[in-house]
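10 protein chains.
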Amino acid sequence: MVKTDTSGLTQLGGAAALPASPEEAVLERVPHTHEGERYVARFTAPEFTSLCPMTGQPDFGHLMIDYIPNKWLVESKSLKLFLGSFRNHGAFHEDCSVYIGKRLTEFLDPVWLRIGAYWYPRGGIPIDVFWASGPEPKDVWIPDQGVPPYRGRG
Amino acid sequence: MVKTDTSGLTQLGGAAALPASPEEAVLERVPHTHEGERYVARFTAPEFTSLCPMTGQPDFGHLMIDYIPNKWLVESKSLKLFLGSFRNHGAFHEDCSVYIGKRLTEFLDPVWLRIGAYWYPRGGIPIDVFWASGPEPKDVWIPDQGVPPYRGRG
Amino acid sequence: MVKTDTSGLTQLGGAAALPASPEEAVLERVPHTHEGERYVARFTAPEFTSLCPMTGQPDFGHLMIDYIPNKWLVESKSLKLFLGSFRNHGAFHEDCSVYIGKRLTEFLDPVWLRIGAYWYPRGGIPIDVFWASGPEPKDVWIPDQGVPPYRGRG
Amino acid sequence: MVKTDTSGLTQLGGAAALPASPEEAVLERVPHTHEGERYVARFTAPEFTSLCPMTGQPDFGHLMIDYIPNKWLVESKSLKLFLGSFRNHGAFHEDCSVYIGKRLTEFLDPVWLRIGAYWYPRGGIPIDVFWASGPEPKDVWIPDQGVPPYRGRG
Amino acid sequence: MVKTDTSGLTQLGGAAALPASPEEAVLERVPHTHEGERYVARFTAPEFTSLCPMTGQPDFGHLMIDYIPNKWLVESKSLKLFLGSFRNHGAFHEDCSVYIGKRLTEFLDPVWLRIGAYWYPRGGIPIDVFWASGPEPKDVWIPDQGVPPYRGRG
Amino acid sequence: MVKTDTSGLTQLGGAAALPASPEEAVLERVPHTHEGERYVARFTAPEFTSLCPMTGQPDFGHLMIDYIPNKWLVESKSLKLFLGSFRNHGAFHEDCSVYIGKRLTEFLDPVWLRIGAYWYPRGGIPIDVFWASGPEPKDVWIPDQGVPPYRGRG
Amino acid sequence: MVKTDTSGLTQLGGAAALPASPEEAVLERVPHTHEGERYVARFTAPEFTSLCPMTGQPDFGHLMIDYIPNKWLVESKSLKLFLGSFRNHGAFHEDCSVYIGKRLTEFLDPVWLRIGAYWYPRGGIPIDVFWASGPEPKDVWIPDQGVPPYRGRG
Amino acid sequence: MVKTDTSGLTQLGGAAALPASPEEAVLERVPHTHEGERYVARFTAPEFTSLCPMTGQPDFGHLMIDYIPNKWLVESKSLKLFLGSFRNHGAFHEDCSVYIGKRLTEFLDPVWLRIGAYWYPRGGIPIDVFWASGPEPKDVWIPDQGVPPYRGRG
Amino acid sequence: MVKTDTSGLTQLGGAAALPASPEEAVLERVPHTHEGERYVARFTAPEFTSLCPMTGQPDFGHLMIDYIPNKWLVESKSLKLFLGSFRNHGAFHEDCSVYIGKRLTEFLDPVWLRIGAYWYPRGGIPIDVFWASGPEPKDVWIPDQGVPPYRGRG
Amino acid sequence: MVKTDTSGLTQLGGAAALPASPEEAVLERVPHTHEGERYVARFTAPEFTSLCPMTGQPDFGHLMIDYIPNKWLVESKSLKLFLGSFRNHGAFHEDCSVYIGKRLTEFLDPVWLRIGAYWYPRGGIPIDVFWASGPEPKDVWIPDQGVPPYRGRG
Ligand SMILES: [Ca+2]
Ligand SMILES: [Ca+2]
Ligand SMILES: [Ca+2]
Ligand SMILES: [Ca+2]
Ligand SMILES: [Ca+2]
Ligand SMILES: [Ca+2]
Ligand SMILES: [Ca+2]
Ligand SMILES: [Ca+2]
Ligand SMILES: [Ca+2]
Ligand SMILES: [Ca+2]
Ligand SMILES: [Ca+2]
Ligand SMILES: [Ca+2]
Ligand SMILES: [Ca+2]
Ligand SMILES: [Ca+2]
Ligand SMILES: [Ca+2]
Ligand SMILES: [Ca+2]
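Sequence order for the protein chains is A, E, X, D, S, F, G, L, V and W.
Position 80 of the first sequence, counting from 1, maps to 80 under the working numbering, and the rest follow consecutively.
Position 154 of the second sequence, counting from 1, maps to 308 under the working numbering, and the rest follow consecutively.
Position 75 of the third sequence, counting from 1, maps to 383 under the working numbering, and the rest follow consecutively.
Position 111 of the fourth sequence, counting from 1, maps to 573 under the working numbering, and the rest follow consecutively.
Position 39 of the fifth sequence, counting from 1, maps to 655 under the working numbering, and the rest follow consecutively.
Position 3 of the sixth sequence, counting from 1, maps to 773 under the working numbering, and the rest follow consecutively.
Position 153 of the seventh sequence, counting from 1, maps to 1077 under the working numbering, and the rest follow consecutively.
Position 17 of the eighth sequence, counting from 1, maps to 1095 under the working numbering, and the rest follow consecutively.
Position 152 of the ninth sequence, counting from 1, maps to 1384 under the working numbering, and the rest follow consecutively.
Position 121 of the tenth sequence, counting from 1, maps to 1507 under the working numbering, and the rest follow consecutively.
Same shape as in the complex, but just chain A (with noise of 0.2 Å):
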């Protein structure tokens, strides 16, 4: 196995403080040393939160993250940092989401990326927002999510 080069990594080891916001976080990438191979990560989130823009009151969210890295890999502590900084930070569902998606995409120029943004009822009814970065390449393996839906009680 060849050794992934961490040389430029800031917030690694020591502790860091939860950003203040999503523009604050500082996403950090390590050189990908499979370059060339086309296959996916996921990132399954399911302790995302963040505040409602109207009320103030917080929302809740499980996230789930696939891309298919190009020339870097993000680094999983940059990325627990970056979800956290939204804990303070209102934002609407449908544009926090799109704008997760849309950040990791500018950040780690990957082949492909898509977030599902599985959001916890609000007035009985949850919404779901699922974006990618472009067409599904037909040539990679993508498994499903698999989230089950939104039952209510019973």
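Treat the hints with caution; some may be incorrect.
[What the hints assert, rightly or not] Partial list, derived from the structure: chain A residues whose beta carbon lies under 10 Å from chain W:
1) Lys-3
2) Thr-4
3) His-32
4) Met-54
5) His-62
6) Asn-70
7) Leu-83
8) Val-111
9) Ile-125
It should be emphasised that the hints constitute simulated quantities derived from the structure, not laboratory data.
Even glycine gets a Cβ: it sits at the ideal position worked out from N, Cα and C.
Here the structure of chain A is known, so what remains is to put chains E, X, D, S, F, G, L, V and W with the ligands in place on it, guided by the hints.
Just chains E, X, D, S, F, G, L, V and W with the ligands now, with coordinates in the frame of chain A:
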């Protein structure tokens, strides 16, 4: 098998309109042909709805009613109409659940009766209400209701 | 292992037509070779059907029968024919469930017997019936039947 | 993140009564700040109810709406009120499901929209309706709705 | 919403006896008010039963019917009676499943129709039959039926 | 149904900001109109989050609170704000779970109260805390909370 | 419904002993009365067992067979005996699965046939085999087999 | 940890052929190094098969055995061979289940032992047998076996 | 909330290597700030592995530990290291499960402690071990562990 | 059935120690007796563990490997030893998953191979890796792996 005496029923057969309120709903009962037998009849009503008394918005619930009959069985069409009578009626969750339990207990004079009311979430925190007419009789088989806990998303 | 005495059976082996009614169905039994052992035999019958005595329309139920044998074991083919005899017979849900429990109890004279009858929904509100021949014996292992609650859709 | 323009909305914030019928319900929309992005927003509404046009009895459904926005996003409170407007309104299952799909399509002019309507059983045989505004776009990620089939009991 | 024309129906409303055989069952249909829309209506019938033509013993099945209407919608009460007409009728599993699919296709002249028949096990090896009137139209949304595989015990 | 007296409430209706800490959160209560009835109210809060007191990183938990009211019912909006007050507050898992149970018990003086706190995994080994104000009353119906065990992957 | 011609069958009806080996097992077939219809018949056999050719210890498998009939239907009792013939016969997992698929294909000359063999774990790592007689026909409805992945414990 | 004394074992290590019948199977045991501890060991055997004594056809069962050891632990390879010895042996379901329980109880002289035998369906109505050597000890933790009920299809 | 005294801990914070054996592992504890409260803390460890003492091959288990603290809480990082110390250590399933329970009981001197050890299958028949330090206290809430039974395939 | 040639194998039969590293592990293969058949063999390995290269702490994964054999089948005991060789070896999740896929592809020269690696969560956000040796062949049946998404708690 003995014959159930349905001679006193008024709502069976024809088309019956939803009562305008729980108070106007007419519960009906038939003589219990197995008087003395101690067993449980369970009704599961996943189609309950009422109005929030503060906001007028619809509320939804999944109700389960268990009872040990004494001299009467509830006539199921009248039970359906009774539950339907909350449709355009304001009721707090705790109060509504207990009211249904008490009204049925009063009307049927059962050996024992309980209601589990599993309300759909409002504000992210659903409430369940578990009311019984008295302690669970130790000599009767009363299975758990088995409704899975509310899960949110993911 | 001891040998089960099947000499008194009349329905086993040949092709037996469905009895025309529960009253005409002939239950059969074999001597219990483990008399004195206190254990439970459970039969699960997800293929039960009868007719609604009010409308003549078919009703369906999922039945589970638990019993602690005394001197007799029920012969399972005769049990199947007995349950099949309701096919073209009108019966109320509560009454039918209790009748099956009582008829088996009378015929087998078991230490204890119970029936859980889980009826398919009519009018959106299914009924379950939980009947036992007496209080659950405290010295015998009797697992829950574990049927999940009716859920509607979603 | 860009700012959503909510200046044209009339129902947000204050308490809004349920519209008396679907025709009287006022759908609202906000400009889509990510115009050009092709992604799916999904709304899951397990709290839908209407009346049977033949009998006046309540019907219940679990609805799921997927759409690819074009210039507009649906304002979710108005969507909720629109769905709530069927509460005391008679509608056949097929017709009601298709009507909701068409009305939203007409109002939002989306790239594509579909509705899955999973109705609670009547007479033992529930109906589902799967309507879409056109063929599924091949270049957009559209997960299955994943509602399990109706199961009856057992 | 447009009005469904039910003027030609003969079985709706009154109490209708089960037809004695599939041949005697009368299917009914109503004009399709959304002609030209390409969508799927799904009926799920977990309450199907027939007789084994070899032994006369009852068989049970879970049926799911999907169709894309053309000029007609099936009237659901007549569908229920048609399925009920197999109750005392002998039919092989493969043949019965295909027959239902073909009879409905012939009567409704739909754009497309399919039936999934999931039979209860006989001899430890249940059979499922998946029949369609033709290849799946590529421009219509047709969700999987999603019935879990037979599992035996444990 | 009797009327709940909400005259003493201060947080209902208007927009209320999240309290800065649990100590600053103001719980509110309404008189219990069914005093003397012994039943359980259950709140399920899958949207709980706090901070790790050692690292400052977010923690997440799924909380379930069961109580038997005495003279007071908890006002649910104040409960929500109380739980939300942990959002930017450091707390050990065991301590936090017990604190919530004790604070509610002190404030509501219920017949009995319990809290099940199911924390998201840290280091591969999640902790659950099951606290009750005293032994389970034998004469009241208290269903299991039914949260499935943590499973890891696969 | 047309009549299935069973005149050529030799094993149906009487009691048939398990064949001593797959080679000795006699598969039987009946003429396909719906020749030309392209549909799938699925057999699910959770009761398969053979012997490990290295150690002689029993192996167990859950088999699912899908086929599109051409001129013949497999007679199900002969299929059962064929599968039972592996009971005291040594066979490697991959080889056994492919052999069953090929033997059935050769005998039935179907339009298409596949077998999914889900073997019970040995050494902690179960093997599944998915064999088909050729590419999946694009014009026929072939649902997924839907067996959940092996999970170990927890 | 103390050392288990395996000196008396004869079947461990080498390849052992399946015994020809339960009577010929040799159970083995090792001294219990935690004598006096009251705890439960559970074996789950989803790979059990025997022959029907009436027809010679294979039967299948899922067995679960719980016991509280006294002076001996069962050696697991000999248990496996004992269960495998039923492979070509005729046994009635009730009798076979009780026999296994009794034979193990006699051999191990445990504080307590029970067996749950969940047989695969025959004739649509599977039987389960729940046998114990005596009443459940009240001072030992004995979790439910948790096998879901037989469900048929759908 | 009171402050947990972590002054005596030696392994927290820095990187700690896995102990070479259970005997070398150092468990740590912190004073229990809620002494006198009778509640349960549950740890779920699906990542347990040890070696088979006969073959040296890896074994895997899913462990659940419940305890009622007395004067001490276990420090969770030391618990993790203790469980990790079995990684390259030979241990029989029964012995290993009981050893962990006893070692924790000795070290924490809890009111009560139990361990459920659900081992991955070997030879098709997994073993579970359920050990407790004494009878279940009747005055404390101790939910079932709820691990589903081993199922094999299908 | 043809005979598998196992003459070249060196690890089968005797007790084989875990290789000290993946590099030292010796994969073995047997000639493929069904060369030319295009089918999938799937191995499911829920017992995978390695070490984190940054902290030395254990990592756990659930691996699923699908391949279409060409001239060789992997010998399953050598596969097990290969996977076991990561036990005391440091490896990043992405790198480790891809390495296993590539090493097997190189050794077996299959028509196609893929690996799904479902890692246990670290820091609340588990990673999955989906690697394939090339695009999915369109003419072979390759079922989804069907692992449910990570869920956290509740
Ligand atoms: Ca896809
Ligand atoms: Ca529902
Ligand atoms: Ca109970
Ligand atoms: Ca979640
Ligand atoms: Ca019980
Ligand atoms: Ca699709
Ligand atoms: Ca099984
Ligand atoms: Ca309890
Ligand atoms: Ca696992
Ligand atoms: Ca398909
Ligand atoms: Ca118990
Ligand atoms: Ca069913
Ligand atoms: Ca308990
Ligand atoms: Ca199985
Ligand atoms: Ca696929
Ligand atoms: Ca949750």
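> Which of the stated hints cannot be reconciled with the structure, identified by number in ascending sequence?
Replying inline: 4, 6, 8 and 9
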